[in-house]
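J.: Since chain A is already given, all that's left is putting chain B on it; use the hints.
Listed in order, the protein sequences are those of chains A and B. Heads up: the first sequence begins at 44 in our numbering, then just goes up one per residue. Heads up: the second sequence begins at 44 in our numbering, then just goes up one per residue.
A couple of the hints might just be wrong.
[As the list claims (entries may be wrong)] Straight-line C-alpha distance at most 25 angstroms; calculated BS3-like pairs for lysine-lysine:
hint: 1; chain 1: B; residue 1: K793; chain 2: B; residue 2: K471
hint: 2; chain 1: A; residue 1: K66; chain 2: B; residue 2: K635
hint: 3; chain 1: B; residue 1: K335; chain 2: A; residue 2: K635
hint: 4; chain 1: B; residue 1: K52; chain 2: B; residue 2: K612
hint: 5; chain 1: A; residue 1: K689; chain 2: A; residue 2: K471
hint: 6; chain 1: A; residue 1: K809; chain 2: A; residue 2: K477
hint: 7; chain 1: B; residue 1: K66; chain 2: A; residue 2: K275
hint: 8; chain 1: B; residue 1: K471; chain 2: A; residue 2: K635
hint: 9; chain 1: B; residue 1: K468; chain 2: A; residue 2: K306
hint: 10; chain 1: A; residue 1: K633; chain 2: A; residue 2: K593
hint: 11; chain 1: B; residue 1: K120; chain 2: A; residue 2: K275
Honestly, the hints are just simulated from the structure, not real lab data.
Protein chains: 2
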Amino acid sequence: MTEYSVVGKSLHKVDSLEKVAGKAVYTNDMKLSGMLTGKILRSPYPHAKVLNIDTSRTKKLQGVKAVITSKDIGNRKMGVAASNRPIWDQPALCLDKVRYIGDEVASVAAVDEDTAMEALELIRVDYKELPAVFDPFEAMEPGAPAIHDGFERNISNQVLTESGDVEQGFRESYQVFEHRYEIKYQAHCAMEPHSSIGVWGLDGRVTLYTSTQNPYNLRSILAYVLGLPEEKVRLVIPKVGGGFGGKAELFPMDVCCAALSRKTGRPVKIVLSREEEFGTTRVSHPFIVDMKTGVKRDGTLIAKQVKCIMDGGAYSGSGLPGPFLSTLFLGIDYKVPNISLNSIRVYTNKTVAGARRGYTAPQAHFAENMHMDMIAAELGIDPVELRLKNAVATGYKTGTGMDITSCGFTEAIEKAANCIGWKEKHGKLNKMDKGVGIGSGGSLSGGSRAANITPANYTAAAMIKLHTEGFATLYSGAQDIGQGADTVMAMIAAEELGISIDKIQIVTGDTDLCPYSAGSASQRITFHSGMATKRAAADAKTHLFEAVAKRLEARVDDLEARDNRIYVKGSYDKGMTFREAIWASQEDNKGKEVVGHGIWRHEVDPAEIKAIFETGKGNYAPAYIFSAGTAEVKVDRETGRVKVDKFCFAMDVGKPINPVMVEGQLEGGLHMGIGLSLGEDLIIENGMILNPSFLNYHLPTVFEMPETDIIIVETDEPKAPFGAKACGEGSVAPVGPAIANAIFDAVGVKIDSLPIKPESILKALK
Amino acid sequence: MTEYSVVGKSLHKVDSLEKVAGKAVYTNDMKLSGMLTGKILRSPYPHAKVLNIDTSRTKKLQGVKAVITSKDIGNRKMGVAASNRPIWDQPALCLDKVRYIGDEVASVAAVDEDTAMEALELIRVDYKELPAVFDPFEAMEPGAPAIHDGFERNISNQVLTESGDVEQGFRESYQVFEHRYEIKYQAHCAMEPHSSIGVWGLDGRVTLYTSTQNPYNLRSILAYVLGLPEEKVRLVIPKVGGGFGGKAELFPMDVCCAALSRKTGRPVKIVLSREEEFGTTRVSHPFIVDMKTGVKRDGTLIAKQVKCIMDGGAYSGSGLPGPFLSTLFLGIDYKVPNISLNSIRVYTNKTVAGARRGYTAPQAHFAENMHMDMIAAELGIDPVELRLKNAVATGYKTGTGMDITSCGFTEAIEKAANCIGWKEKHGKLNKMDKGVGIGSGGSLSGGSRAANITPANYTAAAMIKLHTEGFATLYSGAQDIGQGADTVMAMIAAEELGISIDKIQIVTGDTDLCPYSAGSASQRITFHSGMATKRAAADAKTHLFEAVAKRLEARVDDLEARDNRIYVKGSYDKGMTFREAIWASQEDNKGKEVVGHGIWRHEVDPAEIKAIFETGKGNYAPAYIFSAGTAEVKVDRETGRVKVDKFCFAMDVGKPINPVMVEGQLEGGLHMGIGLSLGEDLIIENGMILNPSFLNYHLPTVFEMPETDIIIVETDEPKAPFGAKACGEGSVAPVGPAIANAIFDAVGVKIDSLPIKPESILKALK
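With the rest of the complex left out, here is chain A:
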C-alpha cells in the first residue's frame, strides 16, 4: 500500500480552531451597513384561495421599509433543475392560493426584528378556505382536492423500474413474503437555521449571502426567478452550520431577501425561527412501503416487487428525485434477478418533503431489512447468513444498471456482526429482555446527475494557483457545510502536490471566484470534487516537474513531490524546494504563473444520466458504498422504552482521506439514525405541526447514544481520488432496522414502523 504523507492522517479540520473559538462567521454573524431585518408572513390555512392582500396599514408603521407580495416578484416558480422534466411548482410568494400551513404569502423589511414582527400582524389577507387533503392515499382518490393543476390524482412524479420478470420470479419461488412498512416524518435540525442576506447592488447585480449546500444551483434558480441573466447573481456562502439535505435548494426567503433589497436599496437579512425551520424548510418523506419478495428454500432472493407511496407535501422542491432514489436504494445491495420497483410521490396539503441525509435510503432500507429478517425467521436462516448469501459484490451489475466496481459489503456485514458478538448473543439474550439485530444498506458515492448540468456534464471543478512565494491557493467549488470539505480538498491537493497542508489556502463559497460544483449533496464531494482537485494539483505539478527535470537533468517520470520538495525518486538530496520549483517554472515560461485546472465527470452516457430521474435505470454514480450496523438493545417491558447499549457500524468507504473525520460522519449518521428509530417524530394533524421545537421534537441527546464502534472497511476504488469513496449519508439507514430487529430478538415483537415509540412496544407486547 502506498504510504501517503497527508492522506490517511487524522488531521484536525482546517477551520476547527476558529469554530471552537467562536470566531467563525456564519451568515447571521454578518452585519452590513444599513442592513434591514426581513420577516415572512405565512399561511395559517392548509389550503385556501388568496382573495386579497392589504398591506396599507403595514406600510404606515414607523420603521417598515418595504412590504412585498407576489406582485413584486412575479410568477416564475422555483424548484430544482435536476430532471428532464423539472417540476417547478413553488412560487416565492403565493400567487392565487396557499397549499400548506406555513406557505409564504408576503414579506416585510424593517429596521429591527420587533418592528418586522409587528408589521406582519398589520398585513390583512383575505382567504377563502378550500378542502384540504393530508393523507397520500386519500389524495390519490378520485374527487380529492387538486393541490396543483395538471397533476392527475395529485401524483407529482413516479418511477417504475423493472428488470427480469418479477411475476415469473414469484411463480418460481419456494415462498413469497408480503408486508407493509411505514416510516414517518423527520426534520433536519441543523444547528444553524436558514439565514440569508440579499444585497441588490447599484450595478444591478444581486449578491445573496446564504447558508446553502448548493451555491451554483441557487444562482441559476434565483436568476431565473428574478428574471436576471446568471451573471447578475452572485452567491457567497459564509460558514454553514449543517445542511443534511435541508439546505440544498433555493427557498422563498432567499428570493424575498433579494426582492426586499431591490425595493429598499439596503441589505436585507432573513433568519428563520426554529419554528419556521421545522415547518417550512423540508422534511424527510414519510413512506408506506409494500414489500413482496420471492425466495428459494435456501434463502436466495429471486423476485422483489416494491411499491412506495411517498408523502410529498405541498410542493416538489428537492423532493423531485425522491422516487428515483428510493428505487435505486431498493435495488442496490442484494442480488435479485427479477425486480419491479415502483415509487410514487403524492402531493398533500402539508409541509414539503425533500432531501434529508440518506435521502429515502433510511426508509427503503428499513423496509428491506425488516423484510429480510422476516424471511430469515420464517426459513430458519440466521439473518447475517441470509444477508451474506445475497449480498452484492465487486463486479456485480444491478438490475437497475449500477456497476459495482468496488464493494466491501460482505466484509462490513461480517465485521459488524463480529463486533456485536452476533454468534454468542443472537437469540440468546431474551431472558434479560435483550437482543441483537442487524441492518444494512448500500448507497452511492456521488450522484452524477447535477442539479444544473454543465455542457460537458461535469459535477466538480477545481483550480490551483501556485504563488511565487511558495504556497498554493485552491479555488474549489466544493461547499464546506461543516462536513469538512475544505479539509479534505486541502489534503488531497497537498498530497498530490507533495506539500504540507499549511501551504494550501482554500477559497470556496463564492460563485464569482470558484469553479462549478454540483453541490454538497448526494455524498458527492470527496469523490467528485476530490478528483477535480487532484487533477488540478496534478496539472500544476506537471509544470513544476518540467522545470525541475530540466534543471536536474532528470526525466520527469523519475521525479517525486513530497514534503515540500521535488526530487529524483530515491535521491531526496537531488532536488529542489517547492518554492524553488515554482520560481523555476516561471523563469522557464516568461514568468507565466503556475496554475492547474481539473474537472471531474462520470464517464457514462449523458443521455442515460439525464433521464435517470424518470427511468430509474442507469449507472448513476461512479462508485457505490455499503454498510452494515448491529445493535444490542434492552427493552423495558414496564415502560416500553428501548435502550441501545451498543452499536457497531462497519462501512466500506474506500480509502479514508481523514479517518477521524470519517468516524465523525458515521457517528453523526448514527445519531440521526437513533433519532429516526426511537424518538424523532414530527407530528402533523390537519396539516398543522404540533411539535415544532426542540422542546417537543425529541432529538437524541448524549444520554441516548450507545457505546459505539466504528469500523472503516477499506476497499480500493480505482476511479476514486486515492481510492476514497463517500461516507456522509451512509450510516443513517442501517440503524433503524438493526434496532427494530434487536427488539424482536429481545422481546419477540416485530415493529413495522419508525419511529419506535414506547407506546408501540407496549401495544405490541400486549
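T.: Just chain B now, kept in the frame of chain A:
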C-alpha cells in the same frame, strides 16, 4: 484607425454608483466582531535617545487590551525592496532612539478610541534629547549629528549619471547659464486617511485589511518584519480613497495592527488622524536644484549639469528611488548630448519624504522649465520655439538610456501654446498685469523595476475565467486606488474578448486571490497590467475561437469577437454567442473550464533594470509620455495674489482607454499642480510641522481652479495595450513653471521657488 467597441468610450467607472451613493466600503467602514481600536504614541522630539518606556500604568487602565513596544515586534526594519542596495532603516516601533517628531514609539489597543487616547497619555517614556539637524546642507557638514549609523555626511543615497562630456560641452557653448531653484514640501492629502485592520488568525496567518497602492510589496515586507513566511500573510484591500504615492509602502501602523492583534486575539483597527496624516505618512521631497546649461546661439542645448539636494527626512522608505527618478526626469524631455546629473538624498530630523504624484518630476521640471525660459529670454527666443527646437521625438534615445518609441511632445507643446493663444498673448498682456507661460515635462509609462521582483521580472499578471453561464471573472493584481484601474482593466478585457463590460466581474485587492502586481504606482497600471489583462483575455479567447472554428468550419484566423458574439469576419450571422462559445469549448475539452492567463514584463536586461536605482542608466520603462501646459494668469500688484484664469494642458497618453477618465486624471493633476504652485506649503520649524490640518495647509478649492482645457494627444505606442500609455502622474509637473513663467510675462518678476506665495510676489515686485 481601428474602431473599438469598448476601448475609447467614456464609460463611467464600474464602481462609481456605489461610491456616489456612499455604499462603497473603505477600510474604516469595516466592523469586525470584537474589533479593538489602536493608537500610536509618537515622539515629541526630533532626535532623542529612548532610555526607558514604562507601560505599567497603561496596562491597568480599564478597557486597554494591549500595549506594545519594539520588544513585541523585534528589530527587523522596514523599507522598500526596490533596489540592489535596499535601505531598510525604519523600525515599526523605535528601538534605541527617535529621529523625528512623530516617530512611532509604542502602540495600544483598547475597546474604544477614547480609552486608547487616554492609554497613550499613561505611557511614560524617558528620552535623552540629542542635537538635531533640519537642513540638508547642514546635515552634510562635518560634525553634524549622525541620524543613522553608517551613512557618511547623512547621505542616504545618491545617483550620479553622465553621458557625453559635460565640461567639453560647456566649453563649446555660446553661453552658459547657471541658477538655483528651490521647491518646498507638499503633503499628499488623500481624502481617505491611512487605515488598517490587523487580524491574527488562529491558524497563525495574519490578514491585513488596509488602504494601500501596493499589496504585494506590503505582504513581503510585513512577512519579513513579523518573521513569517509570506504564505502566512494576506493583504486584503477594500476601496482606497486616493494614494498619490503616500500609500505605496508598509507603515508602522500596519505592523502595530498585526502585532496588537497577535497579542489580543482580536482584530485591531488603526486609522490615522489628519494630523498624523500630515506628519507621519511621507511628504514630497524638498529640492534645491543647481542648474547649469550650455547652449548654442540658436538655442540648441549642448550641455547640462544638474545637482539636486533632496531633503529626505528621518528615514528612507519610498524615498529610496528619489535620486534616480530625479535624474531620469532631468534627462527625459530635451535632447542634450552632454549631461551630468547628480542627485543626493540627505537625512534630516524631519518627517520622511517619499513618493508623491509625479515623484520628483514636479521639482525637476520646475527647475528645468524655469531655466529654459531664462535662456529663451536671454537669447531672445520665444520660449515655445526654444522648447520645440530641443524637444525629443520618436526614435530618440536619451543619454540616460531611455528609448523613446512613441512621442507626441512637439504636438503637445504646439497644442498647449495654441490653446492659450500664445502668439496673440505672450509678451502682450503685461499692461493688464496679465501674462502667459509654458511648462512641459516628460514621464514614464510604468517603471519596470518592481518593488519586489518576481523570478521572471514581471510587473503585472492577470487571469480571466469564463463562466459557463456566459460571463467572465477577471482576477487582477492591479490595485484600484480610486484612479479607475478596475474600469480600465474591465474595458481592456471586454474589448479583447469582444464582450460588453457588464459581462466582466473583476476581483482585485486580495493577495490570496489575485495574481501579482508591482503596485499602483509609477503610472504602471494601464500599460503593464493592461497588457497582462489583454494577454489573459487573448489566451481565453484562443480557446473559444478553436471551438467556434470547428463548429463553423471556419479558420481561426477568420474569426472576430465583438458584441458578445464570435463570428466569421464580415458575416455577423455566421457565428455564435459568447456563452455558446464557452459551452462549445468546454464540450470539446471534456468540460475543462476556459481560463486565460497573462503576464507582462518589460523586455530589457533584468540586470540593467535591477541596478538602475544606483546607476541611473537604462531603459527603465517600456514607453514614455510627454506633456505641455500653458497658463494665463493675472497678478494683483496690491496683494501679490495670482489668479490663474485659464490652463491648457496637452498630453501624449497614447490611446486613451477611457477619455473622460484620462481627463479626470489630468484635471486632478492640474489641481495638485496649482496647489504646489500657489498654495500648498507644509511649514516645518525645528522639525515641528506648524500647519498639519486642512485649516492651515492650503489645498486649492474649486474657486482657485482655472478654466481648463484638456487636450489628449494621441500617439500609437506599439507595445502598449490598444496603444494606451500612462497619464496619472504626468499633469502635475508642467503647472508650476507654466504659472511662474506666466507671472514673469505678466509683471516681469522671476520666482525661483515653489510654492509662490503672495509675499514672494510683493517682495519681488519691490
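J.: Take the hints in turn and mark each one as holding or not.
T.: Consistency of the hints with the structure:
| no. | hint | result |
| --- | --- | --- |
| 1 | K793/B - K471/B | holds, 17 angstroms |
| 2 | K66/A - K635/B | violated, 36 angstroms |
| 3 | K335/B - K635/A | violated, 47 angstroms |
| 4 | K52/B - K612/B | holds, 23 angstroms |
| 5 | K689/A - K471/A | holds, 16 angstroms |
| 6 | K809/A - K477/A | holds, 18 angstroms |
| 7 | K66/B - K275/A | holds, 18 angstroms |
| 8 | K471/B - K635/A | violated, 59 angstroms |
| 9 | K468/B - K306/A | violated, 58 angstroms |
| 10 | K633/A - K593/A | holds, 15 angstroms |
| 11 | K120/B - K275/A | violated, 46 angstroms |
Taken one by one, the earlier hints fail for this structure at numbers 2, 3, 8, 9, 11, listed in ascending order.
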